[in-house]
Structure formats: C-alpha cells, structure tokens
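Each protein sequence line maps, in turn, to chains A and B.
In this text, residue positions in the first sequence follow this note's numbering: the first is 3, and each later residue adds one.
In this text, residue positions in the second sequence follow this note's numbering: the first is -6, and each later residue adds one.
Read the hints as simulated data drawn from the structure, not as lab findings.
One or more hints might be untrue.
[As the list claims (entries may be wrong)] So the derived list for chain B, only partly shown, Cβ under 7 Å to chain A, looks like this:
no.	residue
1	Ala30
2	Val45
3	Phe46
4	Phe50
5	Ala94
6	Ile120
7	Leu128
8	Thr158
9	Phe159
10	Glu181
11	Gly220
12	Ala259
13	Leu262
14	Leu264
15	Thr269
This structure is a prediction, so every number in the text was calculated from the model and none was measured.
A virtual CB, placed ideally from N, CA and C, is assigned to each residue, including glycine.
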Amino acid sequence: MSATAAISTRPASWRTWRRPSVIPGFGITFGFTLTYLSLIVLIPLAALVLRTTELSWQDYWAIATNDRVLASLKLSFGAAAIGAVLNTVFGLIVAWVLVRYEFTGKRVIDAIVDLPFALPTAVAGIALTAIFDKNGWIGKPLDAFGIEVAYTWLGVVVALTFIGLPFVVRTLQPVIVELDREIEEAAATLGAARFQAITRVILPSLLPALLTGFVLALARGVGEYGSVVFIAGNIPYKTEITPLLIVIRLTEFDYSGATAIATVMLALSFLMFLTINIIQAWARRRFGHV
Amino acid sequence: MSDTAIRSDRAAATPPLGWRAPTTESRTTKAVLIAAAMFFLALFLLVPLLVVFVEAFSAGLPAFLKGLSDPDTIAAIKLTLLVAAISVPANCLFGVCAAWAIAKYEFRGKTILMTLIDLPFSVSPVIAGLIYVILFGSQGYLGPWLKAHDIQIIFAFPGIVLATTFVTFPFVARELIPLMQEQGTHEEEAAVSLGASGLQTFLRVTLPNIKWGLMYGVLLCNARAMGEFGAVSVVSGHVRGETNTMPLQIEILYNDYQWVAAFAVASLLALLALVTLIVKTVLEWRFGHELANGPR
Chain A
3 MSATAAISTR
13 PASWRTWRRP
23 SVIPGFGITF
33 GFTLTYLSLI
43 VLIPLAALVL
53 RTTELSWQDY
63 WAIATNDRVL
73 ASLKLSFGAA
83 AIGAVLNTVF
93 GLIVAWVLVR
103 YEFTGKRVID
113 AIVDLPFALP
123 TAVAGIALTA
133 IFDKNGWIGK
143 PLDAFGIEVA
153 YTWLGVVVAL
163 TFIGLPFVVR
173 TLQPVIVELD
183 REIEEAAATL
193 GAARFQAITR
203 VILPSLLPAL
213 LTGFVLALAR
223 GVGEYGSVVF
233 IAGNIPYKTE
243 ITPLLIVIRL
253 TEFDYSGATA
263 IATVMLALSF
273 LMFLTINIIQ
283 AWARRRFGHV
Chain B
-6 MSDTAIRSDR
4 AAATPPLGWR
14 APTTESRTTK
24 AVLIAAAMFF
34 LALFLLVPLL
44 VVFVEAFSAG
54 LPAFLKGLSD
64 PDTIAAIKLT
74 LLVAAISVPA
84 NCLFGVCAAW
94 AIAKYEFRGK
104 TILMTLIDLP
114 FSVSPVIAGL
124 IYVILFGSQG
134 YLGPWLKAHD
144 IQIIFAFPGI
154 VLATTFVTFP
164 FVARELIPLM
174 QEQGTHEEEA
184 AVSLGASGLQ
194 TFLRVTLPNI
204 KWGLMYGVLL
214 CNARAMGEFG
224 AVSVVSGHVR
234 GETNTMPLQI
244 EILYNDYQWV
254 AAFAVASLLA
264 LLALVTLIVK
274 TVLEWRFGHE
284 LANGPR
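For reference, chain B alone in the conformation it holds in the complex (with noise of 0.2 Å):
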C-alpha cells in the first residue's frame, strides 16, 4: 500500500515534458554549445593528430618505414632517449627534495623559492637556450675556460641535456609540492617518533603516499623532455646525426622536402603525446584523490 503511494508520488515529482529546471539551459543552447565546443576542439586537436598519421602512412607502410630507418633519424631517437634519461631522473630528484624541504617544513622566504622553482615555465624556451649560450658559449662568460680545458658544452650532448632539464624543471616539483602540502607532517613525525631514520621514513612512509602523483609528474616532464624543440635548437648545433634530437630532426627532414620521413617521425612523437595523454587521464580517474588537485 505504502509502495504505491512512493510510486505514485514519485510520478508526480517527475516533470512534464518539455519542463526545464531554472538552474540550467534549454535542449536547443545546450546542443548549440556542445556543437560549439566540439567543432572547436575538432578544428585545433583532432585535425592536426589525425593529420600527423594519415601524412606518415600517405605513401603506404614501406615508406614510412624507410623514413624511420635512415641512420641520421635512429641517432636521433637514441639522443632523444639518452637526453630524457638524464634530464627527467635528475628533475625527479630535485622535484622529490624540493617538496621535502617545501612541505615538511615552516620557513621564511617559501613563496619566493616556489615561485623561483615555477620562473622555467614563463621563460621563452628560446631563451631557455640562450641563457646556456650566454654562459658556455664560445662568446660566453666560461667560453674561454671551456676552450683552453677542450670542453665542449653549446652545440654539444651536454647543452642539449641543460636546455631539457631547464624547460622540464618545475614538472616533478610543481606535482609533489601541493600534494605533500596537503599530506601534511603527522605520518612523518609518527615515523620518526617510533625510532625510523629519515630514510626509512621517506622511503616507507611518504613515498607509498606519493607514488602516483611522482608517476604523474614524471609522466609530463618525460613528453616534454623527448618533445622541447626551441631551446634545444639554440644549443644543439643541428650536427646530422650527433646532435639532433627527434623534433630537429623533424625540421631537418621537413626542410629538406622529406614528407614523409619527416611525418614518420613526427608520428612517434605524436603516439608518445598520446600514451602520456592516455596514462595520465587513467591516472586522473584511478587514483585523483591521491594526486595534487588544482587546475593543470
């Protein structure tokens, strides 16, 4: 008896048709703003990814195999992989100690280390390498030095890594600070109360906390590490085959009328966008509340 009475007053509660609730928009502006949205996003995301594969494979798969197997583009795949094999560890790290000191800690002056930490992202990464040419350069302020002791960092391995590790610094930093931040002390001092080292501490009691939101900051730095072009075209050299990375390379083969050589390439790099695109939304949907909230 009871039972039909929620039902029936549950008929009641549901609008008529063509009813809409105040807070919201009509059917028609709801579908327009979606059309919008969508063609928009179409226009400047989807076109030009779908662009990037249908140009690699225009000439059929032997061609873009060829494309990818020419000597001076597999050295630039392993420079690409060597550079972001020092350059993302080594942000890592900083990213890992930066957030320790930053978020266990009270002291003056943090705001402005945090804003020194974020400074690498509002600099032009062209000017991300000049910096480095300025200091090392043949012209430079170390130039000489350098020179008399055979050194060789601009137009070499070693620029090409400072440049990366430059344009990647606040990845791993900028992920880990607010989520340590608001992790807050008391696990660590538990720790540390109950006799565990420092070390022990970090690696049992903070770590198992932070895993994913790391993952997520090392998952950006590395696209950006294997993808920077402007600041490593400053400090590269462009010398075939030694010091070109992936997306030179592409600028290379793209200059010299090589399509799809050129496209070749550029699709790994897109499929590497799109891996990091994939993992980072699943990380996003899995463990969200175990990583930095705030807009990315």
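One chain only, chain A, in its complex shape (with noise of 0.2 Å):
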C-alpha cells in the first residue's frame, strides 16, 4: 500500500521516461554516462561550435570558400572518392571470396582484412611512402612507366585505400552469409544463367551494404590525417589535404580559421552519416534486411 503510495508521487514524467526495473544502479551508471560524455565529447565540441559563431557570416563565408580550402576540399572528397570505389570493387570480390569459397589460408586472410584499423596511420604513412617512393619496391617500377605516385595525389588516394580497406569487406560480410541461398536455387531453376544470377539477384540485394561501406570509406578517408600526411607532399593547393589546413592554421594560431574550416568538415561528415542512415531505411523497406 504505502509503496503504491511512494510510487504514485513521483512526477508522472518520470515514470514515463524510464520504465521501473528491479535492477539496481541506473542513477549511477547513467549518472556517470552522462557525465563522462558531456566532458569529454559534448562540452568541447559545443567550444568548437560556439567558436564559430562568434564569427560573422561573410568572415565565415570567405574562410570557407577560400581558393585554398576549396582545393584542399576537393583533393580529400576526390581522392576519398577514389579510395572508396577501389574499396568498393576489391571489397566486395574479397568479401565474397571469403565467405563463399573455401581455400588455403583463407582464416588468416579474414583476420589480416582488419589490419588498418589496428596499425597505427603513421606507421602505414611511412611504410607506404616507403613502397611508392620513386626508389621503393612498387614506386621504381612504375617510375620507369612515367608514373609518380609518391608526393602526389595519387599517394593520397594509395593513403586512403589503405585506410578505408575494412569498411565494406566488414559492412558486407555478414549480409553475404545472410543471403538466401534458396533465391538463387530459384533463379537457376527458372533458367537464369550463373552471371545472370549474380547480376540480377544478388548483386541488387548487397546494394544497400555496398553503399553503406562506400560511405563508411569515404567519411573516413574524408578526416584521415596520419597516412596521408607523409605519402602527399603536402604542397598547398595541390596535395594538401583539409585535415592538415586545419593544422596549418592552428600553428599559425589562427584559431577561426581553423574551426571554420573544422565546421565545414564536421558538416560534411554529418552529411555522409545521414546518408548511410537514409540507405539503410530504405533498405529495411526494400530487402528487410539491412
């Protein structure tokens, strides 16, 4: 009776927004959460926004859209780009390959596939200039076709397939071993050709994680700093990236440069985070499965 009593006057707010448990230790655990969160991640990042602000329209406009940001912008979107869709087209025949075929050494290659999300960008940096370096094992021969590789945009774009390997093998895998082997039974008993298959089957159906990796890909490779620092040359307006503008200024203590440019970037990224959400809604209707 008097705990019905205790219950009841709460505010009704509260018993609405979280539902009673038996479990003890919410107020502390969320408590903490929220706490830890706000410092570490909220509170500094709200300072980068309300740093903006205290910018005016045009000053933030003309940062922005400055020559040099533009071209930084473009190298990193472009090459990003590039990555991804190399990402895209091996991540997929790798992804494939390793959930479908059976073959020597196959466990060891699946766990090598995670190797750039454990080693650290400046390593891979160095190791890649290293290899693409007009005297290294791949950047010697393809120096004699005229081909530059290192210190150029091409680098860049070596950097960030590098970076962006894991995103669609990972974002893929599970959707392959989660393919209804019955479909395609269906399409080569009505006569479907194995391409055909392929093509008009199952291809459409891995549509929404492919897309998903690409995006993936490309965000990361969008912000990636480490790797591509080394292997780019970094000579403004040419293969200068935008996360290293954003150092450039800071070392210049341009402060509002720099987190007008950090915004535009945040931005962006927000964009692509918003896309992969869009993809995967849609894929829900379309496939029910993501």
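Can you join these two chains into the complex? Each is in its own frame, and there are hints to help.
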C-alpha cells in the first residue's frame, strides 16, 4: 500500500521516461555516462561550434570558400571517393571469396583485413611512402612507366585506399552470409545463368551494404590525417588535404580559420552519416535487411 | 546387403567430373576472384607490413637497437604507455557504465544517447585535437583562467590524455552495449531477487558473462590509444623527450632522415598491431558466441 503511494508521488514524466526495474544502479551508471560523455565529447564539441558563431557570416563564408580551402576539400573528397570506389570493387570480391569459397589460408586472410584498424596511421604512412617512393619496391617499376605516386595526389589515393579497406569487406560479410541460397536456386531453376543470377539477384540485394561500406570508407578517408601527410608531399593547392590545412591554421594561431574549416568538415561528415541512415532505412523497406 | 545398396547410392550421388552446382561459380571464375582478392590484399596490406620490418632491420640488428635506445625514443615509449594506462581504463569504466545503463533499462532517448556515444568515430582526429585547443589553449575559452592558475593542458601531458581518450571513447561501450542487450536482464533480476546487491550482481553475474567482450573492446581501444597520431599531434606541442608519443617520435625521426630509427619505432607499433590482430582473432574463434555479433 505504502509502496504504491510512494510510486504515485513521483512526477508522471519520470515514470513515463523510464520503465521501472528491480535492477539497481541506474542512477549512478546513467549519471556517470552522461557526465563523462559531456566532459570528454559534448562540451568540447559545443565549444567548437560556439567559436564558429563568433565569426560573422561573411567572414565564415570567406574562409570556407577560400581557394586554398576549396582545393583541399576537392583533393580530400576526390581522393577519398576514388579510394572508396576501389575498396567497393575489391571489397566485394574479398568479402565474396571469404564467405563463399574454401581455400588454404582463408582464416589468416580474414584476420588481416582488419590491419588498417590496428596499424597506427603514422606507421602506415611511412610504410606506404617507402613502397611508393621513386626508389621503393613498387614506386621504382611505376617510375619506369613515368607514373609518380609518392608526393602526388595518387599517393593520397593510395593512403586513403589503405585506410578505408576494411569498411566494405566488414559491412558486406554478414550480409553475404545471410543471403538466402534458395533465391539463387530459384533463379537457377528458372533458367538464369550464373552471371544473370549474380547481376540480377545477388548484387541488388547487396547494394545497400555496398553503399553503406562506400560511405563509411569515404567518411573515414575525408577525415584521415596520419597516413596521408607522409605520402602526400603537402604542397598547397595541389597535395594538401583539408585536415592538414586545419593543423596549419592552428600552428599560425589562426583559431577562427581552423574552426571554420573544421565545422565545414563536421557538417559534411554529418551529411554522410545521414546518408547511411537513409540508405539503411530504404534497405529495410526494400529488402527487409540492412 | 543394405550396406552396399547405400554405398552404391552414394556413388551415384557423386556428381560427375566437371559438374558444377548451379548456385556456385565455375572453377576458373573462383580462381580468378581469389587471385584478385589476394593481389589487392597483398598490395595494400602485406607489402606495407613487410616493408616496416625490412626497413627497420635494413642496417642490421645493432642499428635497429641503436635506433630504439635513443633517450628521446625511450621517453616516447614511456609516455605512450602512460597515456594508454590512463585513457584505456577510463574508457573501460565508461563503457561498462554506459552498457549497464543502456542494456539493463528501458528509457526514452536511448537511441540519441547511443548515437552520441558513437560520435567520436565520425569526427576527424585533427578536429578531436582542435576542440581541446579551443577549450584549453592559450587563446581558448579557459586559457586565461588556466594560465592564472599555472595549469597547462595543451602542449602538455593532460592534453595528450584528453585527445587520446576522445578518439578511443566508443570502443568498449560499442562492444558491450549490443552484447549486454542480447543477454537481457533475467539473470540480473534473478540475482537481485535472491538478495544480491547491485555490485554483487555485477561482479558475480554480469561480469562473467561479458568478460570476453570486455577484453575484446579493451584490446581494440588500447591499439588505437597507443597508435593515435592526428589528434595527439595537434595537442602535443612536439617537445622532444617530453610530449612526443611513439607515433609522433616516428614522424620526427622520419623528418630528420633517421630512416632506420623511424622504422625501428614503427616496427614496435606494427608488432603491437599484429599481436592485437592475433588476440582478436583467437577471441573470435574461441569465444565468438560470447562476443557481440554484427559487423566490426
């Protein structure tokens, strides 16, 4: 009786906000989660946004559309997009081979796909530079054909391909595992050649995962710094990526410039994040899975 | 008699040579696809990994060891270990608390909270460093106050810890939340109804259920913490022997044309990456059912 009374004295909003539970510890864990999240992530990010609002709209626009900034955005997005396309094509092959075929060394290869997540970006940066340098293992033969990779925009593409490699593979693998073999059998019994079954039945149902993997790789590539700065050569207007430009502005103590460019990047990555959610909502409606 | 009948049935069921199931590709296609996958992975993963060790030992073992025995390098190794020793447990504690609050209770705004926890993954590492400079730097919001009280955060140890904590923020939480959601609340409810306290329930019921998932998250968190470059580079100030972590020390040695020394330090981090991958794979093989499923 008294218990019911105690509950009913609580404000209605509290009761509807959280379903009652016998498990103790909600207050302390939720409180700590929110405090820690605010201190480490939310307040510092809010400070960045606040700093941008100190700029007038004209100043902000002038910084954001400055030639050097636009050139860097073009390089960052262009190179990340090419890398993401490469990763989509080869990531599809790698994921397919790893799920559907049996061959020796498969498990080792499956494990090594995550290397770009585990290998520090600075290590990847100097390693790729050493390989694609004019005297490097791959750079030398390419140089004979007149192709320069290190210290050109191609170097940026190489670094961003490395960085984005696991995304498409890891997004596709579970989807390929879940693919309904019966649909493929149906396609075969209805007279479809294997090639037709792949292009008309399998690929369409992999499309959402492919797009998600592509955008994830793209988003990661646009923000990447460590592996690129070693191989890019960092020439303004030519091989200077946007994150590097933020660092340069900071070393000049131009906080406003750095903040303005940073918010442009944040807005763009928010847009990519939104795209992924739209793709996944569409895929759930269309295919019943992500 | 029936035995032989079955055997002959089986013989008949064996497909003739050259036959292929209509739901798979021809042998040639398979071979070409496997070769293409191998080529791509060898070019972008194996060769870079190999070149690190080849370059590190290109001048022999003594040069390798000499490269590592530089006092600034030793200071960088110590700093990296110290930073990871603070950031990783902090994010581990956060991950456990966040997973407990999110997985064991139903409340409104849960999706928003989970999105916010994942936020650091979608922020460029450079911006992760920048936000602390805006807050604590000499021209930052708290800069004057910190200066008046003689506290230095940016270009010093606390800034490096903060930036590292930011970039490794979601790792443990992201592993534990789906795992604990999958496990539900029945066991904890049973423990509580039998008179266990909250802490007892966590230590004796929940923790044994999530220990491998927790280890998995800590492993990935640690690998990133020790290898972070961009965010730390922005807040470090690059004081040799003082505020340089291992990745920053690699950059300095590399720019000083100390090729072998740079790759020697890099080989230590590459070794850490390999150990991380091996432990991760072993955890997935051995305790896959006790880890959160879904893409990683």
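Now the hints, each set against the structure:
Of the supplied interface hints, the one on Ala30(B) holds, with its beta-carbon coming within about 4 Å of a beta-carbon of chain A, less than 7 Å. The restraint placing Val45(B) at the interface with chain A holds, with a minimum CB-CB distance near 5 Å, inside the 7 Å limit. Taking 7 Å as the C-beta contact cut-off toward chain A, the hint placing Phe46(B) at the interface is violated, the least distance being around 10 Å. Evaluation of the Phe50(B) hint against chain A yields a violated restraint, the C-beta minimum of about 13 Å exceeding 7 Å.
The closest approach between the C-beta of Ala94(B) and any C-beta of chain A is roughly 4 Å, which is under the 7 Å cut-off, so the hint is satisfied. Satisfaction of the interface hint for Ile120(B) is found here, the shortest Cβ-Cβ separation to chain A being roughly 5 Å, below the 7 Å cut-off. With 7 Å as the threshold, the beta carbon of Leu128(B) comes within range of chain A, its nearest partner Cβ sitting at about 5 Å, so the hint holds. Checking Thr158(B) against chain A by beta carbon gives a least distance of about 6 Å; that is within 7 Å, so the hint holds.
The interface hint given for Phe159(B) is met, as the beta carbon of that residue sits about 6 Å from the closest beta carbon of chain A, less than 7 Å. Proximity of Glu181(B) to chain A holds as hinted, the smallest CB-CB distance being about 5 Å (cut-off 7 Å). A hinted interface residue such as Gly220(B) counts as satisfied when its beta carbon comes closer than 7 Å to some beta carbon of chain A; here the least separation is about 3 Å, so the hint holds. At about 4 Å, the closest approach between the beta carbon of Ala259(B) and any beta carbon in chain A falls short of 7 Å, and the interface hint on this residue holds.
Checking Leu262(B) against chain A: minimum C-beta separation of about 5 Å stays under 7 Å; hint holds. Annotation: interface hint on Leu264(B) violated; nearest CB of chain A at approximately 10 Å, more than 7 Å. At a threshold of 7 Å, the smallest CB-CB gap from Thr269(B) to chain A is about 5 Å, leaving the interface hint in force.
In summary, the structure is inconsistent with hints 3, 4 and 14 from the numbered list given earlier, while agreeing with the others.
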